[in-house]
Amino acid sequence: MILLDRVSKSYNKKGIALERISLHVEPKEFVIIVGTSGAGKSTLLKLLTREEKPTSGKIIVGGIDYERLKDKDIPYLRRKIGVVFQDFKLLPGKTVFENVAFALEIVGLSNKEIRHTVPKVLDLVGLKGKADNYPGELSGGERQRVAIARAVVRQPKILIADEPTGNLDPKHAWDVIRVLEKINHYGTTVLLTTHNQEIVNKLKRRVITITDGHIVSDKSGGSYK
Amino acid sequence: MKRKLISLLRIIRSGGNNFIRNAWLSIAATAVMMVALTIILSAVVLNVTARNAVKELSKKIKVTVYLKDDVSEPRRTIIMSRLKAEQGVDDVAYVDRREAERRFKTNVSDGDKVFIEQALALTGNTTLPESLEVSLTDLSKSGAVVKVAKEDGYKDAVDDVSVGKNDVAKETIERATSAQKYIVRGSIFAAVLFAAVSVLIIFNTIRMAIFTRGEEIRIMKLIGATPNYIRGPFLVESCMYGIIAGILANVSVYTAILSLGPKLQNQAEFAQSYNFFTSTGMMFLLLFASVFLGIIVGIVSSLLAMHKHLKLKHW
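Chains as they are written, first to last, in our numbering: chain A, 1 to 225; chain B, 1001 to 1315.
Treat the hints loosely; a few may be bogus.
[What the hints assert, rightly or not] Footprint (simulated), chain B over chain A, 3 or more residues, beta carbon under 8 Å:
# : region
1 : 24-32
2 : 192-199
3 : 204-217
[To be verified] The following residues of chain B were derived to be distant from chain A, with all beta-carbon distances above 10 Å:
# : residue
4 : Lys1002
5 : Met1220
6 : Tyr1229
7 : Lys1308
[To be verified] In silico PhoX-like cross-links for lysine-lysine, where the CA-CA straight-line distance does not exceed 20 Å:
#  : chain 1 : residue 1 : chain 2 : residue 2
8  : A       : Lys112    : B       : Lys1004
9  : A       : Lys70     : B       : Lys1002
10 : B       : Lys1002   : A       : Lys112
11 : B       : Lys1311   : A       : Lys46
12 : B       : Lys1004   : A       : Lys72
Please keep in mind that the hints were generated in silico from the structure rather than gathered at the bench. Ideal Cβ placement from N, Cα and C applies to all residues, glycine included.
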């Protein structure tokens, strides 16, 4: 599903963010990427969403070779990858329903299709009955679940969650993780970056540790200390 | 195809929402563009009116070619044909003695009549001479017509040549011609100035809208919106400025034409222009032209703003 072959990323004068990273993620896998701040986790995810271009190396996601990817094709790539951010990135002026519907509107789905799909996804993330609320009226955990609903409403093959529990208390953090597990259970490949030791250790999934731009460990059922 | 149509409708709706959301900026941008378009439209109207007025007044200035006694008809016809062939000549009319006398009785005051009759008696003539009246479409060609009439080849038939019946009319034409030049120059300057101001204001309005919607645009990019889907609403918004400004400019110019027109319509110099601008076809043409121009100005301004601030090339 995801293949990185000796991928490096360096920013001018700021040094190297990632150096010769090689990685292979199977379909339907749940992979946790851990590492200290500045280790290169977010850069790795930005390479996958094509917010950044690698300095060298090969990236293939869902059969798409990024070297051959043209700028005009990037939106269509992003429609195949769901992304969840630490700061939610919800639009405060739109309701929960509208925030989720937004992802379907940009691909040209009809209002009827949107009205049919969005409630199902809100139900999946446990936000039934919150459709008409604005993000400001929700708790942090609920907001993050809205963001997850928006990321998965188009049924992407891959879901990238960049520290989705970073701003949440333990209870809400686990609510979000349970939703991610559920989505993974339905067949979506999940890439999760986190600092939260408890979550990593309890999930017992594949854990990739990045330090100073290098993968220093890659273990199934791994832990984080 | 259906999805593209739905996306297009959403882009238009989003552009409309932006227009309403930034109401004050939208009103300012539309108002300045309306002023620019009104100036441009007024310039067109004034220019055409001035040109028509000059043309109409020019017809009143005639070159009169006085013929000697007993010029044969074939000879007169040859001279008339030669004069008609000259550039800027509208018509050449033959005025016989009887017609000259009739006009004399109608147009000249009693005091002048006595004076002219005495003058004619002194020169041995009892009647007024035959003449050819040359109407002009272009006043500047009168010199050329006089030159033709005074050619050696026509000395046997042409007695004298006189330009202009009315010095006041001639002066009016010269003033109108000069005013027309100033109207054209002044309106080009004002139109360029206001067009530049409206480009700047629309540029700024779109820039503000881009900043206001910065987070939304970033999210749109991340969840797979195409550049056209992101740009579309800004283009729609700026087109709306152009459409509304174009319509309002037309309404203001036509309000002026329709309110002033009937008062001036009795004067031949303005009647033609009034009829020209109030024909249905011309009304629609000017409306279309001003809306089109407004849309172009709007699109150019917003494209400039998006090129500078939207950064869609760097995904």
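Please verify whether B:Lys1002 and A:Lys112 have alpha carbons no more than 20 Å apart.
Cα-Cα ~13 Å, so holds.
Does B:Tyr1229 sit more than 10 Å from chain A, CB to CB?
violated (6 Å)
For the pair supplied as a hint, B:Lys1004 and A:Lys72, confirm whether the alpha-carbon distance does not exceed 20 Å.
Holds, at roughly 16 Å.
Chain B over the region 24-32 of chain A, status - at least 3 residues with CB closer than 8 Å
As far as the region 24-32 of chain A goes, the hint is violated, because 0 residues have Cβ atoms under 8 Å from chain B.
Taken at face value, is the distance from the CA of B:Lys1004 to the CA of A:Lys112 at most 20 Å?
At roughly 16 Å apart (the allowed maximum being 20 Å), B:Lys1004 and A:Lys112 satisfy the hint.
Under a C-beta cut-off of less than 8 Å, do 3 or more residues of the region 204-217 of chain A approach chain B closely enough to confirm the stated coverage?
violated (count 0)
If you look at each residue in the region 192-199 of chain A, do at least three have a Cβ nearer than 8 Å to any Cβ of chain B?
violated (count 0)
Beyond 10 Å from every chain A Cβ: check whether that's true for B:Lys1002.
violated (8 Å)
Non-interface label on B:Lys1308, tested against every C-beta of chain A at 10 Å
Holds: least Cβ distance 19 Å, greater than 10 Å.
Was B:Met1220 rightly flagged as not at the interface, with every chain A Cβ beyond 10 Å?
violated (6 Å)
20 Å Cα cutoff - pair B:Lys1311, A:Lys46:
holds (17 Å)
Quick one, are A:Lys70 and B:Lys1002 close enough, alpha carbons at most 20 Å?
violated (25 Å)
The structure shown violates the earlier hints numbered 1, 2, 3, 4, 5, 6, 9.
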